[in-house]
Amino acid sequence: MLMPLHPDPKPSDVAASAPPDPEHRDQATSHGHVSLNVGTVSPAQFRQIAEHPEFQALVARKKRFIWPAIAFFVVYYFLLPALVGYFPKVMETRLVGQINVAYVFALSQFFMAWVVMALYVVKARSFDKMEHEFVRKVKEGRL
Amino acid sequence: MTTPLMMFLTFIALTLVITYWASRRTKTAAEFYSAGRSITGFQNGWAIAGDYMSAASFLGIAGLIAFYGYDGFMYSVGWLVAYLTVLLIVAEPLRNSGKYTMADLLAARFREKKVRAVAAFSTLTVSLLYMIAQMVGAGLIVNLLIPGLSFEVIVLSVGVLMLVYVVFGGMLATTWVQIVKAVLLMAGTILLSVLVLKQFGFSLIGFFDEVAKITGVVKQADGSSVVKNFTQPGLKYNGQWGPLDLISLGVALICGTAGLPHILVRFYTVPSAKAARTSVVWAMILIGCFYIMTTFLGFGAATLVGKSNIGVFAEGDKATAIVQAEPDAAKRETLSKQLAETGYVVKSSNSNLAAPLLARKLGGEWLLSFVSAIAFATILAVVAGLTIASSSAFSHDVWQNVIRGGKATEKESIFVARIAAGIIGVVSIGLAIALKSQNVAFLVGLAFAVAAAANVPAIILAIFWRGFTTAGMIAGMVSGLVSSIVLIVLSPAVMGTDGKHIINAAAIFPLENPAILSVPIGFLGAVVGSLLTRDAKSEAGHAELLVRAHTGLHAEG
Chain B
1 MLMPLHPDPK PSDVAASAPP DPEHRDQATS HGHVSLNVGT VSPAQFRQIA EHPEFQALVA
61 RKKRFIWPAI AFFVVYYFLL PALVGYFPKV METRLVGQIN VAYVFALSQF FMAWVVMALY
121 VVKARSFDKM EHEFVRKVKE GRL
Chain S
1 MTTPLMMFLT FIALTLVITY WASRRTKTAA EFYSAGRSIT GFQNGWAIAG DYMSAASFLG
61 IAGLIAFYGY DGFMYSVGWL VAYLTVLLIV AEPLRNSGKY TMADLLAARF REKKVRAVAA
121 FSTLTVSLLY MIAQMVGAGL IVNLLIPGLS FEVIVLSVGV LMLVYVVFGG MLATTWVQIV
181 KAVLLMAGTI LLSVLVLKQF GFSLIGFFDE VAKITGVVKQ ADGSSVVKNF TQPGLKYNGQ
241 WGPLDLISLG VALICGTAGL PHILVRFYTV PSAKAARTSV VWAMILIGCF YIMTTFLGFG
301 AATLVGKSNI GVFAEGDKAT AIVQAEPDAA KRETLSKQLA ETGYVVKSSN SNLAAPLLAR
361 KLGGEWLLSF VSAIAFATIL AVVAGLTIAS SSAFSHDVWQ NVIRGGKATE KESIFVARIA
421 AGIIGVVSIG LAIALKSQNV AFLVGLAFAV AAAANVPAII LAIFWRGFTT AGMIAGMVSG
481 LVSSIVLIVL SPAVMGTDGK HIINAAAIFP LENPAILSVP IGFLGAVVGS LLTRDAKSEA
541 GHAELLVRAH TGLHAEG
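Residue numbers (our numbering), protein chains in the order written: chain B, 1 to 143; chain S, 1 to 557.
Just so you know, these hints were derived from the structure itself, not from any lab.
Watch out, some of these pointers could steer you wrong.
Quick partial rundown of chain S residues pointing at chain B, CB under 8 Å, derived from the structure [unchecked claim]:
| id | residue |
| --- | --- |
| 1 | Tyr70 |
| 2 | Trp79 |
| 3 | Leu246 |
| 4 | Ile254 |
| 5 | Arg277 |
| 6 | Val281 |
| 7 | Trp282 |
| 8 | Val547 |
| 9 | Thr551 |
In this text the structure is predicted, and so the values were computed from the model without any measurement.
Quick reminder that beta carbons are idealized off the backbone N, C-alpha and C, glycines included.
Looking at chain B on its own, in the form it has when it is part of the complex (with noise of 0.2 Å):
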C-alpha cells in the first residue's frame, strides 16, 4: 500500500468534506498529506509505484506495442536501400508506363510511417486510460 500523495482531492470532495472557509483549508492542508513537487517524493516511493502490479502492466503494454512497431518499421525502412543497391535489376521492374518497383517501394515508406503512426495513436489512447486511472488512484492515495 502506498501513503497518500497528493493534497489536492477533487472540487467534490473539498465539499463534501471540508468546510469551504479557507481557515478551515489550510487546517486540512497540514494534515499530514505529501505535495506532488519534484523532491518530496522519497524514492522508496518511486520504487513501490515502480514496483506496483498496475504500474508494471501499464509499461509491459507498451512496449508490447512499441517493441514490434520499432522492429517492422526499421526492417522495413532498411530493406529499400538494401535492395536498391544490391537487387538493382528486381527493383527497376516496371509496374505502370515507367513507374518501377523502386519508386513505388520508396513512396510506400511514407505511407508504411503513417500507418505505423496511426495504429500507435489509437493505440495510445487506451495508454492514456490506464496512465489516467492510475495517476488517479496514486494521487488520491488508492493503491
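Dock chain S against the given chain B, drawing on the hints supplied.
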C-alpha cells in the same frame, strides 16, 4: 529595389512584429525556454516541421533529385521514417520527465553534474555543427539569388536577426517565426508542385514517361560505363560502397533525428505528453507531404529546366558578354543556344539552384523571388531554433545546474541564456565567415551522426535499461561523439585527392556518413562502461525515471 529584397524585408518586418509581441510575454524562465508551455500540439507540429525542413531539404533534396533522379528521392525517404523513433521512443518520456533540455531527462535518473555537463557539451556540439552548415549555406545561396548582397553581409544579417528573435522573444518568438516560415514553405512547395504537374496534364504516368527520357552515366568498378534513366536507381549511390553509404545515412537519420537538440526542446513547449504526441503526428503529416512534393520539384526541374541549365547563372548584358568571351566555337554555340532558350547562361553547375530555377521557369521573376524569400526565411528560422536550443543547454544545464548548483534565480538564468545566445551567435557568424570557401555540407551529416551516436544511446538506455550507470552514460556519449568526429575526418567527405577537400589525401574510411559504425560504438561504450561499474544511485534513479516517463508524475508545468 529588387523584388526578392522586398520580399525578404517583408518577412523580416513580420518576424520583428512577432518578436515584439513575444517579448512582452516572455518574463519567467519557463516562458523564455519553453514559451510557457503555451503552444498547442497542432502549432508545435508546424514548428517541428519547420525546424526540420531546412534549406538543405528544400533546395538540397530538390537539387539531388534534379541531378541524380531516383537516388535523390530514396535519400529523402529516411527523413520522414526517422520521426517514428521520435514518436515511439522519445517524445512522451522526454516531455514527462524533463523541464527545458535533453539533459533534464538524463539528470532525472543520474542527478549528477557530470552527466549534465557531458550532455550539454554534446548538445552544443551538435547545434554548432548544424548551425555553421546552415550559415555558410545561407550566405552562399542568398548570394546566388541576390548577387548584390555579399556573403559577409548575409551571414551577419542572418546572425543578428536570429539573435534578436532569441534574445528578446525567447522560445515564443522562435516558435512563431518557425510556424510562419513552415506555412510559407508548404505554400511555395504546393504551388510549385501543382505548376509542375499541370505541365504534364496532371498525369503521373505522363510525368514519369518524361522523367525516364533523362539519362545519366554510371561508371562501374571495372571501368565500363552504363547509361541509366532517372527512374532507375544507381546514379548516385553506386560502386562498391554506395549502397552501404546510403544505409549508413539511414542509421544517422533514424537515430539522429531523435537526438537533435532543437527538435527535442520543442516538446517542452506544449502542456502535456499527449500534446507532445499530437505535435509529432502533425509534424509527420506535414513532413511526409513535403518530401513527396519535393519529388515533383526535383523531377520537374530535371524535365522542365534540365540538368545543364541548373547552376549559377548570368542574365542580360553579362550573359551576352560571357557568350562572346567564350573562345571555343562549339561551347559558344551551346551557350548562345542556352541563352536563347532560357534567358540566362550557366556559369557553374550547382544543384541547389534547381528549385529556384524551376520557379523562374514556371512563374518568372516573381516566383523566383518568392522561392528565394522562402529559402532565406527557412535558414533564418532554423538558425534561431538552434540558437535557443544551445543557449538553453548552456544556461539551464551548465550555468544553473553545474556551476551554480541550482541556486541561480530565474532572472539570472534568463540573463545567462541571453548572453550565451550572443556568444553562440558571434562564434557561429565568425566560423561561417572563416569557412566561407570550404565545402561544409558534410557538417549536417556529422551533426546527425553525433546526435545519433552520442545522444540517442544515452536516452534509450536511460529509459529502458536498469543496469545503465553514470560511468556508462558518460562512456557512451564520449565514444559516440569521438568516433563520429574521427570517422568523418577520415572519410571521403573531408579527405580526397582532387584538391576540393579539406585534407588532400586519399580517404581512409570509405563511407561519407560514419553512423553505421559510430552508433554501435556509442551503444557499446555505454554498455561496457555500465558493466564495468556499479552504481546504486542510478539503479534507484531508474525507478524514478521510469515512473516519471510513463505517468508524467512530477512533470513540470
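Any hints from earlier that this structure breaks? Give me their numbers in increasing order, please.
-> Violated: hints 2, 7.
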